[in-house]
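**Student:** These protein sequences, in sequence, are chains E and D.
FYI, in this note's numbering the residues of the first sequence are 1 to 390.
FYI, in this note's numbering the residues of the second sequence are 391 to 1424.
Some hints here could point you the wrong way.
What the hints assert, rightly or not - Below 20 Å or equal to it, Euclidean Cα-Cα: the simulated EDC-like pairs (lysine to aspartate or glutamate) are:
#, chain 1, residue 1, chain 2, residue 2
1, D, K1216, E, E88
2, E, K368, D, E1037
3, E, K142, E, E203
4, E, K48, D, E948
5, E, K48, D, D1094
6, E, K368, D, E953
7, D, K1216, E, E37
8, E, K368, D, D1094
9, E, K48, D, E764
10, E, K368, D, E948
11, E, K142, D, D1094
12, E, K319, D, E1037
None of these hints come from the bench; they were simulated from the model.
It should be emphasised that the depicted structure is a prediction, and the values quoted were computed from it without experimental measurement.
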Amino acid sequence: MTQPQPQPSYILRGHGAQIHSTSFLRRNSRLITGDAEGWVVIWGLAIKRPVAVWRAHEGSILGAEPWGDDKIITHGKDNKLIVWKFSEEDEESMSVVLPVNTPDSRKQPWLLHVLEVNTMNFCPFAACLMSSQAPPSSAINKELLVAVPNILTSKTVDIFHLPSSNRIHAVPNKGTFKGGMIMTISIFHHPQTGFLTVIAGYENGNTTVSQLSSNDSWKMLYSAHTHSQPILSLQVEPSKQFYVTSSADAIIAKHPIPMSLENTIMNPEDRPLKVSQTKHSGQQGLKMRDDGKIFATAGWDSKVRVYSAKSLKELAVLKWHKEGCFAVAFASIETTQESEGNEKGEENEGGLIKTVGTMTVKEERLWKAKMAHWIAVGSKDGKVSLWDIY
Amino acid sequence: MDTAARSARNELFQILKPPCVELTQLALRDDGSASSTKSLIKSTAQLLLLLEKHCRTEDGAFDEKLAEYVFFPLSQILKKKKKYTDHLAELVMRCIGIILEYGWARTIPLELGKQLLILLAFVAGGSPDQEQTIPEEVITEAYGALAALFRDLGLTPGGAAALVDTSTVPALGHCMTVMLEGITVGASAQVQLQALKALDAAWRSIKDIEALATFLPGTISALTKTLMPGTANRRSRKTLVNALSVLEHVLATILSDVRTRSIRKEDQSSTTLSAKSSDQIVFTKSWLKATTGQIKLALSNVLRLRKSDAPDVRKALHKFCLTILDECHDTLSDSGPLLVETSLMLGGSDEDEDFLHRKASLADLSVIHPDIGELVKITAYNWVASLPRVMQANDETAKYGALDQLQKASNLLKKMNFESSVLEGALGASLRDSISLTLSSSVSTIGLQETEFDLNSQSALTLASNNSLSTEFRPLILAEESQKRTRDSLMDLVGRLGTREAQITVAREMLEYVRGASGPSLVAAYWLSFQTLRAAADGNQDMDDFFDSALTLSGDQEDMNEELMAYSQSVLVDSDDGQYDWRMKAIALEVVADRAAHLKEQFRPELIDTLYPIAQLLGSPNDKLREHAITCLHAVSTSCGYTNASELVIDNVDYMVNAISLRLNTFDISPQTPQVLVMMLRLTGPSLLLYLDDVVGSIFAALDNFHGYQRLVDILFSVLDEIVKVGSKSDQLQISDVSTVESRGNQHTPLTVTEIIDLLQKNTQTSERPEPHEPFPRKPWKSAATLLDEAEARTEPPPSTTLPDEDGKEEEPPPPQELAPPPPTKTYQLLTSITSLSQHYLTSPSAHLRTKLLSLIATASPGLAGNQEKFLPLVNDIWPVVIPLIHDPSSYVCITALSTITTLAQICGDFLRTRITTEWKSIVILARAFKSQAKKEQGSNRGVYSEGSKKWEGMVALLCSCVRDVRVEDGMFDDVVEVLGDLLWERERVREALSGPNGNADAVWLACLGRGGGVEQVFNVPDMEGNNFVGVMA
């Protein structure tokens, strides 16, 4: 282990406040970051500069995720969840002056939906498409399910439907279960059964898996009390085999996702698959790369730690920020491979004129930016560091 | 026609008759006496005149009969004469010349011709028993006449045959000897020229090959002697040109392929040919062999003329070579390489000639004779191989000569479509070696030009305005002026290195070589790689615009460009100076600039990686590299569509900040990095500070780690200093200050009795400004005295202070308060942390650094003072380290310390009172010391600029400020008055400060009075209505 300490390949500066959310969009060509003052910056990764800057919320940004290629969902502490129309064409008209420069208001993109939601705690929303079977471009997947903590108690999960903005489910908490406030949520359709599944992490360190069974009722399939402190983040493995939680204590735990009620014996004391005592407490913003091999956490001790998803072993420590980190994002590497195939295919179709490997320099830069295995880390100091590792 | 001709002839006859008759008579009567000779000369001259006037026509009027008629008297004269040494002979020769030229131009009586041949040869050559006394003119005329005679004979039917008649052959032989002698040892250029002409005429008129063949060896040897360049006998250019053409003719006549074909075939067709006629003894194969051998020798001598400077000679030689190559290609095949090489060297000089007049070129010849093409190749290869040797020498002429030749050869090969990868490869390698040789020979001069980079006079700032600077790089290779031509040739050669494919191949090979090599050949190969690629791009730009890449190889080229660019970046980024020759970096800069020029605005994203390394080289200790970097910045900014380099920097400052921060973070600290940062700060201004917090953090970390390295610390602090300078000007600082601005009790006015009364009355009610509106946690509990002062301050218009921006704000009601005060801006935090950091370095052993830090504090303070809550603790922190510095042994530190403390006193006011009080004793002692020192030095010639005076002035300012702003206690005030002494009434500003609201005007007045200084002049007698004051002294 005498490798030199990894260094970031670029630092994106310009947020005036701590960064609470980072994620990649549009096949890694853009990075969206949201800060504590409600500012959202979309960065062009090829040029490492902002392509759009606006103030999405009056309060801190809790989460910002893309919805397809042309929409962005932001969730703010001002009790709003907003869907913005933001396609590549919209970028041109946007301001690129960074929030740190002048805190004047900027032009906002076209607003599609606003949901009034609960933001009592810092739990960001979770979203999934209507159907996991249908391709993302199909009509049914123009609709989206958004999971947020309940507007009143913050102790149960509400699931809203977009674009109708209706609350279609409220995942009930058994009266006996006292977990405190929900800290983090994940929602998806179980790949085998197709049942809608919600995973929640609670204030008291408990985590539960609930499923909408065929008879339209919610059943809790799994519940484990692994952490002694509030759970800070959880991330489901891409093939939905298991999920990983991190909390304010030093524990990182890997939990199973039960297939369905039938093969689960209800046991109040479910056991996680693996628990790792990392000795570094306060690991937030756990994200897993979409190949399911590694995941990373942003530590309050200003270090980002990369773990192997299989063994929960620490693989690398990324140290650059001087202050605590809150958010981490992996560039998707699955989509890059996909898009590579796609683009090659396109090229072959037009093969009469174009030959493979004759990209312009600009394209190449974009290509490199998309292909890189980026990790973006957002920190309290308002900076985002980009690392190109693994 | 006939009649006209006849009448013209008659007319001419009438003209010629009288002088001829007269001359005949004179000639007949001639007795050798002087008088008769004289009259002979006279009338011959007359005849010559007439001949020159009337007979130089080709219209036929002057026919052979008339010629004979005119010749008669002349022959009479000639008969009488024994020797032809005088003027008469010359005149006669000239006459004969004209007659031969015009009269017998078509036919000449053969007998007469023969006689004339003997006669003229005799005249020209002189009789063998005589000494050379024949004048040049006569000889010249005689050769001229001979030439005309040969021409005439050649034209006369039977003339040619008559020449080789057995009876004339001896005469002809003698004549030849004479002519050849005339050519080689002729007294003057004129003689030689005429002899040459005569010889030429002879060769043209003699049709008998055999006869000619016998003359061949002699002729060749004579001509070779003539043409051989040597120091002994310099020939005129005209002679050389003529001799060449004669030689060409001679060789072409005797040895042309057509003529020798039969001989060369002998071995196949046995000896029938030679046996065919017994008189053809000369033409045998062995003869041919011997002859060609000899001629090769001769040619090798003749061809040395190629080094001649005269263009006409070169041209003639070129033509000669080509003709011989063409006509005698097979016969003289063993001379082929020599001829090819020569014509290659000389080729190109005829390129400007227009197409119609151009003779067959080497390229054309090589189409006819394939072996010529081979020869060209071989020659080129030899040249390539010998290039490094030539380049190593000190002879610039030879260098560019060799390069020119190579280029010609490569052009020719291109023209002939002889592409040889072996040759190209060899050429590439040879060029590389040549360049590295030239580089290593010039290496020694570079060491001298290392200069220290000066931060303040730095070139970086000239970037800002000056966009007229050139975007052309200074040449790297062969940089000296004397080498210009060599350089041009080299560039030319590189530029035309074969086809595009070949160029790309060479570039690739060179780059591969670069990756594995070291030393000067690395530079050479890298340079070559770049240049060939550039040439390939330049040469094919038009093509690329119209054709697909598969056809034009533009794709390959693009790949290669990318590779080169990638390598260049790695060269640039490498901060280890020792690893690369500076020229590597310079070439890399050129590559980047070229790439930018190629990509135009598309290059902008590339700046992420490239801009900083370029900018970093602005701080290189090597001035040439620095210059290159500046040029590169200009070129890149122009290419990317920025108006000048500073715009480029400003627009891409984020990229640079990133590069710098990443570098600093890994403690990869070169002295250039801070310099670039300073440049960026100066160019970009305060807006950059927002992005610099982590950089500053890294600088702090670096300071912690490297605090022992004076120079580095110094340079890092100069960055911080710059940040502070820029930051204290920024309005970002003040944004948060609106709510924190408070009167600080340093603006006092004299108390008057009425005011006290007013105040007391007011105080019983409430103060003018309602207290609850004031920011609550802002200030500690106020003492009554402060309240008093504040109230006073409000009643009076605030005097203009060091902080003018507060004037307006004081009037405004404080804005509504939030629960917590807004956190200070980033810029503010930055400045605070820098200032507080500086306290740890104030004890540094470097006096320079101490001064710098002190002035840094002084610069930062006014800006920071806006937020007292943060600032006063800071002052508290730095005070213990600042105050001892007034005792600093180096006076300029001391002076700066004094002025810094003065600034602090002005800003902090009361806050410093106890601190000053503790230090008071030492301050006063110091002040006295300074005063006496200043007085001592007053006599010296430096006057107010002396050390002592400066210190004293600083102290005076500090004391004044202590009184005015800090408000010292009364005892201390007395000390001040005492120390300042005379200055009280000498300087108005001092007096004002001391008699101000915090001072004691009365004490000042008293002091002035006590000193006996003119109180009246200084203080006006108070004027009070209804009262009169009496003078105190009165």
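**Student:** Okay, which hints does this one fail, numbers in order?
**Tutor:** 1, 2, 3, 4, 5, 8, 9, 11, 12
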